[in-house]
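Undergrad: Single-letter residue listing:
2 protein chains.
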Amino acid sequence: MKEHRIISLETRDARFPLDAGAGSDAVHSGSEYAFATTLLSSSGGLYGTGIALTLGQGNQLVCEAIELLGKGLLGQEIEELMADFSAVAQGLAQHPQLRWLGPQKGVIHLALASLTNACFDLWAKARGVPLWRLLLDLSPRELVNLLDLSYLEDVLTREEATAIFDHHLTGRGDREQIVRRGYPGYDTSVGWFHYEDNQIKDLARKAMSHGFRAFKLKVGSHDEQRDLRRASMLRELAGPDALIMVDANQQWTLPAALKMCQALCSVSPYFIEEPTHPDDVHAHRKLAEAIAPIPIALGEHVPNRVMFKNFMQAGAVHFVQVDCTRVAGISEFLAVSLLARKVGLPVVPHVGDMGQIHQHLVLFNHIAMGHEALFLECIPHLQQHFVAPVRIENGTYITSQTPGCSSDLKGVKPERAMAIQP
Amino acid sequence: MKEHRIISLETRDARFPLDAGAGSDAVHSGSEYAFATTLLSSSGGLYGTGIALTLGQGNQLVCEAIELLGKGLLGQEIEELMADFSAVAQGLAQHPQLRWLGPQKGVIHLALASLTNACFDLWAKARGVPLWRLLLDLSPRELVNLLDLSYLEDVLTREEATAIFDHHLTGRGDREQIVRRGYPGYDTSVGWFHYEDNQIKDLARKAMSHGFRAFKLKVGSHDEQRDLRRASMLRELAGPDALIMVDANQQWTLPAALKMCQALCSVSPYFIEEPTHPDDVHAHRKLAEAIAPIPIALGEHVPNRVMFKNFMQAGAVHFVQVDCTRVAGISEFLAVSLLARKVGLPVVPHVGDMGQIHQHLVLFNHIAMGHEALFLECIPHLQQHFVAPVRIENGTYITSQTPGCSSDLKGVKPERAMAIQP
Chain P
1 MKEHRIISLE TRDARFPLDA GAGSDAVHSG SEYAFATTLL SSSGGLYGTG
51 IALTLGQGNQ LVCEAIELLG KGLLGQEIEE LMADFSAVAQ GLAQHPQLRW
101 LGPQKGVIHL ALASLTNACF DLWAKARGVP LWRLLLDLSP RELVNLLDLS
151 YLEDVLTREE ATAIFDHHLT GRGDREQIVR RGYPGYDTSV GWFHYEDNQI
201 KDLARKAMSH GFRAFKLKVG SHDEQRDLRR ASMLRELAGP DALIMVDANQ
251 QWTLPAALKM CQALCSVSPY FIEEPTHPDD VHAHRKLAEA IAPIPIALGE
301 HVPNRVMFKN FMQAGAVHFV QVDCTRVAGI SEFLAVSLLA RKVGLPVVPH
351 VGDMGQIHQH LVLFNHIAMG HEALFLECIP HLQQHFVAPV RIENGTYITS
401 QTPGCSSDLK GVKPERAMAI QP
Chain X
1 MKEHRIISLE TRDARFPLDA GAGSDAVHSG SEYAFATTLL SSSGGLYGTG
51 IALTLGQGNQ LVCEAIELLG KGLLGQEIEE LMADFSAVAQ GLAQHPQLRW
101 LGPQKGVIHL ALASLTNACF DLWAKARGVP LWRLLLDLSP RELVNLLDLS
151 YLEDVLTREE ATAIFDHHLT GRGDREQIVR RGYPGYDTSV GWFHYEDNQI
201 KDLARKAMSH GFRAFKLKVG SHDEQRDLRR ASMLRELAGP DALIMVDANQ
251 QWTLPAALKM CQALCSVSPY FIEEPTHPDD VHAHRKLAEA IAPIPIALGE
301 HVPNRVMFKN FMQAGAVHFV QVDCTRVAGI SEFLAVSLLA RKVGLPVVPH
351 VGDMGQIHQH LVLFNHIAMG HEALFLECIP HLQQHFVAPV RIENGTYITS
401 QTPGCSSDLK GVKPERAMAI QP
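Going line by line, the protein sequences match chains P and X. With the first letter of the first sequence counted as 1, position 214 gets the number 214 in our numbering; the numbers rise by one all the way through. With the first letter of the second sequence counted as 1, position 248 gets the number 248 in our numbering; the numbers rise by one all the way through.
Simulated from the structure, these hints should not be mistaken for lab results. Every residue gets a Cβ at the ideal spot worked out from N, C-alpha and C, and that includes glycine. Among the clues, some could well be false.
[As the list claims (entries may be wrong)] Listed next, the in silico BS3-like pairs over lysine-lysine satisfying Cα-Cα at most 30 Å (straight line): (1) X:Lys410 x X:Lys2; (2) X:Lys2 x X:Lys71; (3) X:Lys259 x X:Lys286; (4) P:Lys201 x P:Lys286; (5) X:Lys413 x X:Lys2; (6) X:Lys286 x P:Lys286; (7) P:Lys342 x X:Lys259; (8) P:Lys259 x X:Lys342; (9) P:Lys410 x P:Lys71; (10) X:Lys286 x P:Lys342; (11) X:Lys286 x X:Lys342; (12) P:Lys286 x P:Lys342; (13) P:Lys286 x X:Lys2; (14) P:Lys2 x P:Lys413; (15) P:Lys342 x P:Lys2.
[Unchecked claim] To be clear about the criterion: a stretch of chain P counts as covered by chain X if any three or more of its residues have a C-beta under 8 Å from a C-beta of chain X, and this derived list gives those stretches: (16) 2-10; (17) 19-29; (18) 51-63; (19) 70-79; (20) 108-114; (21) 304-311; (22) 373-387.
Using the sequences plus the hints, can you model the full thing?
TA: This is the structure:
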């Protein structure tokens, strides 16, 4: 195999304007998404792209953090690097000065996400396979060597992680059928917070005509009646068999969440997402007990595996929405997926990457860990900016066959790699 | 009173070299401390200095975040701003794009700490009083209006916070005697991780001759015997009546912590600090149950009031080491102190500010909330860099009478304020 040594690390503050209202929720608004983008060029003439989502402002801070944190990757050969990525990831997360800025959270951890994702992209390209295939071709031991499982020992040891992969070598053939069928999607973009009622109706009808049967609506208004009215409207439009998820984006205090979750029962939500502060394990546990059997989904703002472990141990989460552009990239996503599998919870990623990387990861979770192939969020806003955008047909992600992690952005290439490519 | 409108916001990436080994612990090493410094100049010719500690690398990221986050403060009059600082702090913490980088953690939250501390410093200088006096002169209602108490409702409402201050208006006269006596200190700088045994002995003897009776030792070695040997050495030297605290700085996994905490019982530690990952509430609770009655101290890496609330609710912390240069500055420090008072836990701050600001805050906590005047950490390394360094005599902080928060750094002044000062 051709050698791919990392010969340069560059970053790009890539920002993309959104249409009015798109991406809005109860606590976030603005008019752009952005990727703090890592570009790793290899001596073999390839480059890996890593992304971490931000909402625009401050994206440059993550880029600067990538440059501070990633210096040690220069000169490393990608196969050698990934052979023990567990130690690499742990070393970066535990940088003896930069960890003070976290640890394992905030800007510095978003930087690690972007760096890690770039390493995996370069690796998959070097092997000439899509990420899902790359991961499926690894042995249980090779997989576990990718993962920093420190501080999880009370729930998941390395041996137990290996055993989960070992156990699911059986039955893979059946589960691999999903590659051919494609992975189900659900539509988040019908119900942004600042969309008018008519816009939601039009978008929901359009999504239904495109084969979607599961939709998300943003709630968390100061006007409770607005939330209830819109949720009822969507339920009426989509029909009793559709799945409707409501998402408060952390807006409610615990007392408000208790009240609103009870009220929203009237529309039979499939889950209620981010009802309150993302650090508040105890409040989510209290809420879960109070509104059972309605499940709670969360994860888009849970920064690392240790916090996820705490949510799981407390019974405070039912759908694990880990995002590989929020935690430390693909490897920490896999660690959290293993944790979830261990405790019997489904993984339904939040797609800070617009589904580009997660389309690979959910296939792997299903085939190699036996996670249920539930559905993956669809957010179409940035499709035109990716070199190989996700293909969603009849509400289903069509499996990517392009080498890499599908995270390359149009016009976002390293200067160095371009210079040495033929 | 003279008007002080904020006419400029500047930042300084202020770095200070340390002697070899100073500041080292089981997971952090390097050779400098740094302050991400905010300078707010007023139309009245004053300036406020705000600081947040980092370990050097990445300090510039916090400075850039301060500039992004703090723009809205320009033009505000300081008395008006502080009259409802609760809303100001909440607005900054909930910035609709920048909060994605946290929320309320990491670089963006350190920036909020620095900004908030600068506001308080300018305010105290404008009133011509030291911070402790400024706070004591506020009414319970005015105090609560400084605090963002959102997401604490299940433990502490605004009414309960007001009631704590109201209740402690009684007995203030007696508690104010501490201003004259000074606040007890304990010495952290005898036992840094990379110090040799002889250096620890020399420093401990010197500290004892300076009146200290309480000492901290860094543990968390890969060689367990090293930890035990050094702890025994310090106990023998300091005698049975001295207080010895051991600090693992998050190094241990839960299984390792269970083993080492049991072993370290032999030196009767007053508390064990940061035994494992700072996000792991559940692990700390398990450990607390297993090693009772030995108490656990933590907080230097707990980013916000919501996480502190969770530690308290779980019975996973016994000494609350909140740091006003880690949480969102003086106001979130006070919110956490109120929480701790509500649940009956002592506050023993971690001094990312080298005690400069916290010398004021512990006086206030004792006098206005009835917190026990236990002791305050002493770290002497940066004293020469402060305009008005803490004075510690006979192991006791001598009460500062200088207007402001004692956080001005030598040679770190705004260009703008200098230009308009006479």
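Undergrad: Compare the structure with each hint and give your call.
TA: So, going through the hints one by one against the coordinates:
The hinted pair formed by Lys410 of chain X and Lys2 of chain X meets the criterion: a straight-line CA distance of about 26 Å does not exceed 30 Å. Between Lys2 of chain X and Lys71 of chain X the alpha-carbon distance is near 23 Å, which keeps this suggested pair within the 30 Å criterion. Our distance criterion of 30 Å between C-alpha atoms is met by Lys259 of chain X and Lys286 of chain X, whose separation comes to about 13 Å. A C-alpha spacing of about 34 Å is found between Lys201 of chain P and Lys286 of chain P, which places the hinted pair above 30 Å, so the restraint is violated.
Simply put, Lys413 of chain X and Lys2 of chain X have alpha-carbon atoms about 21 Å apart, close enough for the 30 Å limit, and the pair holds. Between Lys286 of chain X and Lys286 of chain P the CA atoms are separated by roughly 20 Å; this keeps the pair inside 30 Å, and the hint holds. With a CA separation close to 25 Å, the supplied pair Lys342 of chain P and Lys259 of chain X stays within the 30 Å bound. Distance check on the hinted pair: Lys259 of chain P and Lys342 of chain X sit about 25 Å apart at the alpha-carbon level, within 30 Å; holds.
Under the criterion of a C-alpha separation no larger than 30 Å, the hint pairing Lys410 of chain P with Lys71 of chain P is consistent with the structure, at around 25 Å. Between Lys286 of chain X and Lys342 of chain P the alpha-carbon distance is near 20 Å, which keeps this suggested pair within the 30 Å criterion. Between Lys286 of chain X and Lys342 of chain X the CA atoms are separated by roughly 23 Å; this keeps the pair inside 30 Å, and the hint holds. Proximity of Lys286 of chain P to Lys342 of chain P is assessed by CA-CA distance (about 23 Å); at most 30 Å being required, the pair is judged to hold.
The straight-line distance between the Cα atoms of Lys286 of chain P and Lys2 of chain X is roughly 50 Å, outside the 30 Å bound, and the hint therefore fails. With a C-alpha separation of about 21 Å, the suggested pairing of Lys2 of chain P with Lys413 of chain P holds against the 30 Å cut-off. With a C-alpha separation of about 38 Å, the suggested pair Lys342 of chain P and Lys2 of chain P falls outside the 30 Å cut-off, and the hint is violated. Given as covered by chain X, the stretch 2-10 of chain P fails the check, having 0 residues with a CB less than 8 Å from a CB of that chain where 3 are the minimum.
Under the rule that three or more residues need a Cβ within less than 8 Å of chain X, the assignment of the stretch 19-29 of chain P holds, with 3 such residues. Remark: the stretch 51-63 of chain P is confirmed as covered by chain X, as 9 of its residues place a Cβ nearer than 8 Å to a Cβ of that chain, reaching the required three. Residues of the stretch 70-79 of chain P lying with their CB closer than 8 Å to a CB of chain X number 0, which falls below the three-residue condition for coverage. Counting residues of the stretch 108-114 of chain P whose C-beta sits closer than 8 Å to any C-beta of chain X gives 3, which meets the bar of three, so the coverage hint holds.
With a threshold of 8 Å between beta carbons, the proposed coverage of the stretch 304-311 of chain P by chain X holds, since 5 of its residues qualify and at least three are required. Taking a C-beta to C-beta cut-off of 8 Å, the stretch 373-387 of chain P contributes 0 residues in contact with chain X, too few for the three needed, and the coverage statement is violated.
Hints 4, 13, 15, 16, 19, 22, counting from the list given before, are not met by this structure.
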